[in-house]
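Residue numbers (our numbering), protein chains in the order written: chain A, 250 to 361; chain B, 523 to 635.
By construction, these hints were calculated from the structure, which means they are not laboratory data. Glycine included, each C-beta is placed from N, C-alpha and C at the ideal position. Keep in mind that the hints are not guaranteed to be accurate.
Computed list of chain A residues with no C-beta within reach of chain B, every gap over 10 Å [to be verified]:
no., residue
1, TYR259
2, SER282
3, GLU302
4, SER347
In silico EDC-like links for lysine to aspartate or glutamate, alpha-carbon gap of 16 Å or less [to be verified]:
no., chain 1, residue 1, chain 2, residue 2
5, A, LYS320, A, ASP308
6, B, LYS589, B, ASP605
7, A, LYS314, A, GLU302
8, B, LYS525, B, GLU591
9, B, LYS563, A, GLU302
10, B, LYS562, A, ASP287
11, A, LYS306, B, GLU591
12, B, LYS525, A, ASP308
13, B, LYS590, B, GLU561
14, A, LYS306, B, ASP615
15, A, LYS318, A, GLU279
16, B, LYS525, B, GLU561
17, A, LYS267, A, GLU349
18, B, LYS562, B, ASP615
19, A, LYS318, A, ASP308
20, B, LYS559, A, GLU279
21, B, LYS578, A, ASP308
22, B, LYS563, B, ASP615
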Amino acid sequence: EAQVTQNPRYLITVTGKKLTVTCSQNMNHEYMSWYRQDPGLGLRQIYYSMNVEVTDKGDVPEGYKVSRKEKRNFPLILESPSPNQTSLYFCASSRGDSYEQYFGPGTRLTVT
Amino acid sequence: EDKVVQSPLSLVVHEGDTVTLNCSYEVTNFRSLLWYKQEKKAPTFLFMLTSSGIEKKSGRLSSILDKKELFSILNITATQTGDSAIYLCAASDRGSTLGRLYFGRGTQLTVWP
């Protein structure tokens with residue numbers, strides 16, 4: 250089944266404790282992207298990747314890191330999480346010649 | 523500053539009504555406008571528009587882009603309770619693929635039976 254998977258789905262952590270949210274797609278998509286969604290703010294793009302080893306900043310990259318070493322994986326790293334990074338995070342992917350993004354199920358992160 | 527503004531932010535209608543959702547944008551190097559529907563989970567893709575004046579249609583939903591006035595509308599005719607969702611629009615800076623995406627805050631549509 251074609252899908253984008255994220256892990257974990259729910260995470261409660263403490264300020265400053267490094268964490269990684271994994272994202273994997275099985276559709277051989279070139280484009281992958283991370284978003285955060287906060288009430289009343291819509292989706293905001295954190296980072297995106299056009300292909301392996303190619304990443305670019307989105308709207309709100311501060312406090313986040315990404316890497317794209319393999320085509321299928323695009324992990325989101327929070328080196329030192331803070332409470333203002335409490336949010337719902339979505340990973341998405343699409344073919345390089347398409348606008349149709351497939352979203353993962355979301356990761357709800359709480360930083361206390 | 524690049525931005526996308528959606529209006530209204532919230533809309534409540536009765537089944538059978540027709541609604542128009544608005545999306546205006548100011549994005550450097552604008553190339554395309556996308557619409558998504560988000561129910562209780564992840565967004566799903568509705569439309570992509572790159573050319574002015576050409577309507578895209580899918581069932582009761584349709585959308586059009588005006589690149590001169592920098593806006594797009596999403597129309598939903600004969601609304602149903604299943605249309606209740608957040609509708610998001612996004613502007614892309616790429617012409618043939620996705621790149622940097624600028625999202626609006628969304629319109630929360632509620633359709634009462």
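Quick rundown of the hints versus the structure:
1. TYR259(A), annotated as away from the interface, keeps every beta carbon of chain B farther than 10 Å; the closest lies near 14 Å.
2. The Cβ of SER282(A) sits about 7 Å from the closest Cβ of chain B, inside the 10 Å cut-off, so the non-interface label is violated.
3. With a closest Cβ-Cβ approach of about 16 Å to chain B, GLU302(A) is found to remain outside the 10 Å limit, as its non-interface label requires.
4. The non-interface label for SER347(A) is inconsistent with chain B: the shortest C-beta to C-beta separation is roughly 7 Å, within 10 Å.
5. Distance check on the hinted pair: LYS320(A) and ASP308(A) sit about 23 Å apart at the alpha-carbon level, beyond 16 Å; violated.
6. Only pairs whose Cα atoms come within 16 Å are accepted, and LYS589(B) paired with ASP605(B) is rejected, the gap being roughly 27 Å.
7. Among the hinted pairs, LYS314(A) with GLU302(A) is consistent with the structure: their alpha-carbon atoms are about 13 Å apart, no more than 16 Å.
8. For the suggested pair LYS525(B) and GLU591(B), the alpha carbons sit about 15 Å apart, so the restraint of at most 16 Å is met.
9. With a CA separation close to 30 Å, the supplied pair LYS563(B) and GLU302(A) exceeds the 16 Å bound.
10. A hinted pair counts as satisfied when its Cα atoms are at most 16 Å apart, and LYS562(B) with ASP287(A) qualifies at roughly 14 Å.
11. Pair hint LYS306(A) plus GLU591(B) does not hold up; C-alpha atoms about 28 Å apart against a cutoff of 16 Å.
12. Taking the CA atoms of LYS525(B) and ASP308(A), the gap is about 10 Å. The hint holds against a cut of 16 Å.
13. Restraint check for LYS590(B) and GLU561(B): the C-alpha separation of about 31 Å exceeds 16 Å, so the hint is violated.
14. A threshold of 16 Å between alpha carbons decides the hint, and for LYS306(A) with ASP615(B) the separation of about 13 Å falls inside it, so the pair holds.
15. Proximity of LYS318(A) to GLU279(A) is assessed by CA-CA distance (about 12 Å); at most 16 Å being required, the pair is judged to hold.
16. Proximity of LYS525(B) to GLU561(B) is assessed by CA-CA distance (about 24 Å); at most 16 Å being required, the pair is judged violated.
17. Note on LYS267(A) and GLU349(A): the hinted pairing is violated, with a Cα-Cα distance of about 32 Å set against a maximum of 16 Å.
18. For the proposed pair LYS562(B) and ASP615(B), the alpha carbon gap of about 28 Å is over 16 Å, so the pair is violated.
19. With a C-alpha separation of about 22 Å, the suggested pairing of LYS318(A) with ASP308(A) is violated against the 16 Å cut-off.
20. Taken as a hint, the LYS559(B) and GLU279(A) pair is broken in the structure, with Cα atoms around 23 Å apart against an allowance of 16 Å.
21. For the hint pairing LYS578(B) with ASP308(A), the CA-to-CA distance comes to about 28 Å; that exceeds 16 Å, so the pair is violated.
22. With a C-alpha separation of about 26 Å, the suggested pair LYS563(B) and ASP615(B) falls outside the 16 Å cut-off, and the hint is violated.
The structure shown violates the earlier hints numbered 2, 4, 5, 6, 9, 11, 13, 16, 17, 18, 19, 20, 21, 22.
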